[in-house]
Amino acid sequence: MEKELIINSSPTDVEIALLEDGKLVELHNQKTNNNFTVGDIFLGQIQRLMPGLNAAFVNIGHKKDAFLHYTDLGPKLRSLLKYTQGAINGSVNTHRLDNFKFEPEIVKTGKVDQVLSKKQPILVQILKEPISTKGPRLSCEITIPGRYLVITPFNNVIAVSKKIASAEERKRLHLLVESIRPKNFGVIVRTAAEGKKVADLHEELSLLMSKWEDIFNQLKNAKPPQKLLSELDKTSSILRDLLTDSFNRIVVNDSQLYHHIKSYLESIAPEQVKIVHLHRSNKPIFDTHGITKQIKSSFGKTATMSSGAYIVVEHTEAMHVIDVNSGHKMHNKNQAEAVLKVNLEAAEEIARQLRLRDIGGIIIIDFIDMKNAEHKKELIKEMRRHMRKDRAQHTILPLSKFGLMQITRQRVRPEVKINTAEVCPTCNGTGKVNPTILLTEEIERDLNFILQSRPKAKLTLQVHPFVAAYMKRGFPSLQMRWYKQYYRWLRIMPNNDFPLTTYKFFDHNEDEIRLQ
0 MEKELIINSS PTDVEIALLE DGKLVELHNQ KTNNNFTVGD IFLGQIQRLM
50 PGLNAAFVNI GHKKDAFLHY TDLGPKLRSL LKYTQGAING SVNTHRLDNF
100 KFEPEIVKTG KVDQVLSKKQ PILVQILKEP ISTKGPRLSC EITIPGRYLV
150 ITPFNNVIAV SKKIASAEER KRLHLLVESI RPKNFGVIVR TAAEGKKVAD
200 LHEELSLLMS KWEDIFNQLK NAKPPQKLLS ELDKTSSILR DLLTDSFNRI
250 VVNDSQLYHH IKSYLESIAP EQVKIVHLHR SNKPIFDTHG ITKQIKSSFG
300 KTATMSSGAY IVVEHTEAMH VIDVNSGHKM HNKNQAEAVL KVNLEAAEEI
350 ARQLRLRDIG GIIIIDFIDM KNAEHKKELI KEMRRHMRKD RAQHTILPLS
400 KFGLMQITRQ RVRPEVKINT AEVCPTCNGT GKVNPTILLT EEIERDLNFI
450 LQSRPKAKLT LQVHPFVAAY MKRGFPSLQM RWYKQYYRWL RIMPNNDFPL
500 TTYKFFDHNE DEIRLQ
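Each residue of the sequence shown is one higher than the last, beginning at 0 in numbering that gives the first Met the number 0.
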């Protein structure tokens, strides 16, 4: 699989598109003024204790107090509070925990007002970014991630990624990390560490420990709220988490960011610096790489698949609902097989849409009804296979007796929402029309459908004059290419009464061919 990262930088934000085999699968947007990102570490102050919620609200400098639930305090909370207070007042004089005396762990079923007090300073990390009317969600279980390792202070656990298939390799990495980790620091070994030597791991571990030392140094005489450690910018964090040998190209349109990325890759993967390229064309970078068109076709209420079937994505306050429709394109005489084929195609598209839009929470999918039990099993298996590529934690439940599939997906930042409709003065009062960039593809799909059911029909297509001129322009024109593909000449007639995106097919008797 070929992977490309296309980065569009502007004064206000940075857009990052991840392509797999040319298909857009992730789209990230980072505002240059976003000061509250997942992974940021703050010295906060307890503002309110809410025994009914078993949670506290913490001031970290955001306009809304951040939410800290008891389950996110972690068993080592008392030790963390003791260390934080000691670093502030000077009674703790080193960032290392070798000789630090740990306090008893808190119980899982405890109450927040038994372990925290109002106005108390507390070391926290952002778990979820502010979403809608809610402030950030916090955790006291601090993690500092690198490309190969993640360190967890006040912990002695070593965990190796289960995505490393070889048990022998997992054991090797466990032994290596055990030999180099500082006392009372847990370590999570990431998938990217597979095959790495002890020198590589030790170098990164030293870097992560220096970040913890920076936090300690900033705690001295600190007053909450105060940011102590910023997560890497979005571009660097994506490279850290996603970069593998399968990446073929990274293209960026900003010279300063281009040099920053090359410098960052020099430190984490010098052999891949050569895949970074600077976009020098005057044409927008997303247009050059076909991303603008993919965004237009992927972020509307309806997403159409190559077969002509489509899914409809609806959002409510409580959940997201996705409906699968075959459209009018189903030709297979075996109805059960045809339904299975549409559902399997929809499963792949839905998995892509969840990643692309970063949809989190509860997702309900209404697939086309299937009676065959084996077909249902195949659909669930296919859905799980496609969702393996998703980095967000998720759970997929089997189909219910009503044919509904429920997915829960981790939500850590607001969903990506892009308005793909274009304002048009001739849209019959709706104010919006479907994206014009997709019009010819929609016409071709309908043409293909008609010619399958009427292979010898003499057809006429009526469209807006601008569209008619576009279809007849050039050599070979779109009209000629369709003739070469289908061996049928399509007569194209301009109609001045049509809005820009309206089109109709007529047969040899000038009767309209209605498709729905």
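Hint data in this document are derived by calculation from the structure and do not stem from the laboratory. Among the hints, a few may not be true.
The calculated lysine-lysine pairs, modelled on DSSO-like cross-linking and capped at a C-alpha distance of 27 Å, are [to be verified]:
hint, residue 1, residue 2
1, 63, 226
2, 30, 261
3, 2, 388
4, 162, 300
5, 416, 388
6, 100, 81
7, 107, 81
8, 100, 222
9, 195, 161
10, 340, 376
11, 210, 81
12, 292, 22
13, 222, 81
14, 219, 117
15, 107, 161
16, 22, 340
Hints, one by one, checked against the model:
1. 63 to 226: It holds: about 16 Å lies between the C-alpha atoms, which stays within 27 Å.
2. 30 to 261: 21 Å, holds
3. 2 to 388: OK: residue 2 and residue 388 at ~13 Å, within 27 Å.
4. 162 to 300: 35 Å, violated
5. 416 to 388: Judged against 27 Å, a Cα distance of about 21 Å means the pair holds.
6. 100 to 81: 9 Å, holds
7. 107 to 81: 19 Å, holds
8. 100 to 222: Distance of about 24 Å is within 27 Å: holds.
9. 195 to 161: 16 Å, holds
10. 340 to 376: With Cα atoms ~13 Å apart, residue 340 and residue 376 stay inside 27 Å; holds.
11. 210 to 81: With Cα atoms ~20 Å apart, residue 210 and residue 81 stay inside 27 Å; holds.
12. 292 to 22: 11 Å, holds
13. 222 to 81: This hinted pair holds, its Cα atoms lying about 16 Å apart.
14. 219 to 117: 21 Å, holds
15. 107 to 161: 26 Å, holds
16. 22 to 340: 21 Å, holds
In summary, the structure is inconsistent with hint 4 from the numbered list given earlier, while agreeing with all the others.
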